[in-house]
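Quick note, the sequences are listed as chains A and B, same order. Everything in the first sequence is counted per my numbering, starting at 998 for the first residue and increasing by one. Everything in the second sequence is counted per my numbering, starting at 6 for the first residue and increasing by one.
In case anyone wonders, no lab produced these hints; they're calculated from the structure. Keep in mind that a hint or two might mislead.
[Claimed, not checked] Label pairs and their calculated CB-CB ranges:
| id | chain 1 | residue 1 | chain 2 | residue 2 | range |
| --- | --- | --- | --- | --- | --- |
| 1 | A | Pro1032 | B | Ala63 | 26 to 36 Å |
| 2 | A | Glu1515 | B | Val148 | 56 to 66 Å |
| 3 | B | Arg133 | A | His1226 | 42 to 52 Å |
| 4 | A | Pro1627 | B | Asp38 | 54 to 64 Å |
[Stated by the list, open to error] Far from chain A, by Cβ distances over 12 Å, these chain B residues were calculated:
| id | residue |
| --- | --- |
| 5 | Thr44 |
| 6 | Pro339 |
| 7 | Ile340 |
We put the CB at the ideal spot given by N, CA and C, even for glycine.
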Amino acid sequence: MNRAGQHRSPELRGLELALLALPVAALPHAWHQPPWVTLLVAAAILLRTWLHLRDRRPPALGLMALLAAFAGAMTFLQYGTLFGQEAGTALLLVMMALKLLETRNRRDIVIGLFLGYFVVVTTYFFDQSLLIAAWSLLSAWLLTAALVQVHAGRALERWRLAKQSGWMIVHALPFMLILFLAFPRVQGPLWGDPQRDEVATTALSGELNPGDIAELLQDQTTAMRVQFHDTVPPPPAQYWRALVMTDFDGRRWQAEGGQSSIEVPEADDPDNVVAYTATLEPTRVRYLPVLDYPVSLPDNAEYRDNHQVIRDRRIVNRIQYDAEADLSRPPGGEEALSSSARERALELPPSAAPRSRAEVALWRATHGDDDRAIIQAALDRFAAAPYRYTLQPPTLAGDVTDQFLFETQAGYCEHYASAFAVLMRSAGIPTRVVTGYQGGEWMQRGEYLRLRNADAHAWNEVWLDGEGWIRVDPTAAIAPERIEAGIGGLTGGEGESVPDFLRRDGLGWVQQLRFGFEDWRDFARFRWESWVLAFDPERQRELFAHFGLDATDWRDVVTALGAGFGLLAVAALAWAGWRRPRRPLDAADRLLQRLSRRIERQQTGLGRHAHEPVVTWTRRIKAARPDLAPIVDAFAEHYNLARFAPARPDDQAGHLMALRRLAASDLRKPPVGQPAPRTT
Amino acid sequence: MRAGSLALHKRFRSQGQRLREGVIRWITRRHRDDGSEATLGRDRIYILPTRAGYTLLAILGVMLLGAINYSNNMAFLLTFLLVGIGHNAIWYTHRNLLGLKVSSLPTTPVFAGQPLSVSLRLEDTRGRDREALHLSIGEYTSVPVAVPARGQQVVSLPLPPLGRGVYRLPRQHLGTQYPLGILNAWSWLGLAAEILVYPQPVDPGAAHTGLGDEAGPQRRQEASTPDHIRPYRPGDPPGRILWKALARTGKLHIRETVAGGRDTLWIDWSSMPASDTETRLSMLCHQILAAEAEGRAWGLRLPDQILPPGQGPAQRERGLRALAEFRFEPIPLPIPETPRRTKE
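The whole structure should be built from the sequences, with the hints applied where relevant.
Set out below in structure tokens:
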């Protein structure tokens, strides 16, 4: 089995390529694996390469077993298990490397390469970017090339391997596409909770506490991207409602899930409806940010009685949803506010904000029953100095409302929204706080709105009888540019530091270029995410519905797959037919074509039609141009002899020479007084 | 008990083999007699996954389960890409054989006990490079060969030594697993080629001394009487060139023994000092070779045929063939047919 010298045998042809392909496939894991895994894999591959170059035998089986046991023990020490995404991947990588190290025959290489495909798949546990997709293609290409070399029976030239395996991947792409779109999707997981070790993502928290959104404000990662179907609403109208907070304990606001579901209201005026598709990054929570005010929601989401939109399950993958909003109309205007709801929206701890209450009492005294005037008074108060908008407010101690309103007087949306709500509740106006996103960056390339976590915002809704919950944004009073132009509109006041990524104006060309590149990148990423990563059972159902099919009916699935593969087969046959080399025209045919072209140029309509027999053609010419009769008659005769008469080669040459002469003969003998009939 | 079960197992195995052989015979009934040339068309190329192919299928199944479980679209994409590659491998592997022209080359006769080899010529007519084709006959498989586009390649299969006789080429199997090794495409061929195995030469002198005395005087007598001079023709044994005449005339002449003349050596079945057929044939074989080495004219007397005297390569071949065919009906090469295992 293991004779000396066998390791360099033809059996191991392809090992070199495997020694290149497998590290390439494993490379993306280096960023996610503990260092010992990376080191072990690298060491095994380097050692095998060295042994191979030195024409040495692989390590003995006993040593390999020892190494494998060591790797298993290390994995167990690291993760406490050998299964699951992280431990499993580490183990797989180590096994792949050890398999390569102990490779003795062709079968070993093949197993190593199969493991390589697996290694590529496990990359997606950690990263699903477009870059990784491109890298995967490269890995698949190399692995396939190595597999081809292993089975080629001789050393193939590099370009030949590259071409062969490259075509294999290209030919597989249509299959991939059809199966991706039509293969029946079920909502995972099938077992366990696969999201357990998924990286937590930023999302709006269910609590509003001074400092919460501030963290998000520094976070430039994308929260969601939105494409509007027709109308793009103006920035001040883009309020993405996510969470509704009604309960206040004097310091902290808390979101409530709502008591029950309600119907989504119908749009008053269809012209006012804004339709859009949102691609939401995984948030691991259930709420969906929707544009105010929703009039149509995705099927798997419900509208709660506190006007919050809740999905049927946590959002653990990137999802896409279609919704519509009516920008003009606040929800729930028709009905009166139930007494319990009113009570809840007025609740204020008795000890909270005594100074503010005193101030509100003064407003009441001035404006009487006019709730609107009181709201305006509050907004006016914020609009006037010394209130200022800042992303780095001083910390608040004691009663947050009073301290903010009368002492620090500096803050951002959270502070204003919270203080405003307290003021309103003191005045007996039902109020709540809404958090979500506002603003965002309009991406010219791709025409979509990109909302970052930094675009998180908090505002208020007040209940006005007969009108419903009216949106009031106190931040707009103090920093209208925040609303007009989004968080990027902030220029940063005295000594304020605005996050780097927000500074887009007045930059050098290098920076401009960088941002241009960033835009491109985000566009590519967006397309990738919205077209590929967000394709889920829901989207598949919509796609099937597009063709009048039902994705949950297996017969329709079979129909779709059959249609897809049928089309593919037709395309492949057409391609094969087109590629089949046509019989090269022989010399006589070429001369016939030349003569025909020349006659056609002389007199249009006299060119030979593609399938016209030569005899018919000559007859046609003689009728129109008797002067050409000698030429074409001679040509036809020699043509027939050259093509169809079994002749000796020298006869053939004679006929061809005659044809050549005739095809080049002078055709300029103008027809005298003869009308040229146009034949078609 | 144990011996019994082993015997049972063996019986099943042999029955399975017989069944398998029957199935193959039924499948290949149309291609049993391909003559000297055959082109592999769609109707005679078969394809099945190899063990590695089933392994890959299992791996893809696990990948698909993972993709579903983790709702990972990129895992779906890669799995389906590999499914596509695997599926297309059917086409690639099949195409590696399709349209290949195979012809049998005449085999060089050998003496019994000498290793022989069978050669087929593979020719591409479709402008396509063919890789890793291997020819098998029974349990013997050649090394993989490649055929360049519009080119040809001879593939030789060394076979073990055989006993004296005339053999037919048994069913041939031309297979390939290129490019991925996950599928095995093959075709059965019934190309005809005659394999002659001459008897192993045995010196009758070594077996029986009487013969030497008999041959000795004849040879001397023959050497003293040049009976016919003619100009040299290519292929004439150099031992019979008249060097003196060359010196004299500047032209090559040779001395030829007239066929049927009194110097003709008769190699006779009945005079061989052995009783069993094969030994006699071996001795006759030796005599023919000896006569040819000496450049003598000779004739062969067998119980059922007489080869008229003559001399030279053609005569030698005629004589040896007569020995090989002697009381021997052509049979397929006796090559054990082992259950074909697809190799990874």
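message = Would the non-interface assignment of Ile340/B survive a Cβ cutoff of 12 Å against chain A?
response = holds, 23 Å
Pro1627/A versus Asp38/B beta-carbon gap, inside 54 to 64 Å or not = With a Cβ separation near 58 Å, Pro1627/A and Asp38/B satisfy 54 to 64 Å, so the hint holds.
ask   = Is the Cβ of Pro339/B more than 12 Å away from each Cβ in chain A?
value = For Pro339/B, whose nearest Cβ neighbour in chain A is about 29 Å away, the distance exceeds 12 Å, so it holds.
key: Distance restraint evaluation - Arg133/B, His1226/A, Cβ atoms, bounds 42 to 52 Å   = Holds: the Cβ-Cβ distance is about 51 Å, inside 42 to 52 Å.
key: Range agreement (Cβ of Val148/B with Cβ of Glu1515/A, hint 56 to 66 Å)   = For Glu1515/A and Val148/B the Cβ distance comes to about 57 Å; the hint holds.
request  = Take a look at whether the Cβ-Cβ distance between Pro1032/A and Ala63/B falls inside 26 to 36 Å.
outcome  = holds, 33 Å
request  = Verify that the Cβ of Thr44/B lies farther than 12 Å from every Cβ atom of chain A, and report whether the claim holds or is violated.
outcome  = holds, 18 Å
Of the numbered hints given earlier, the model fails none.
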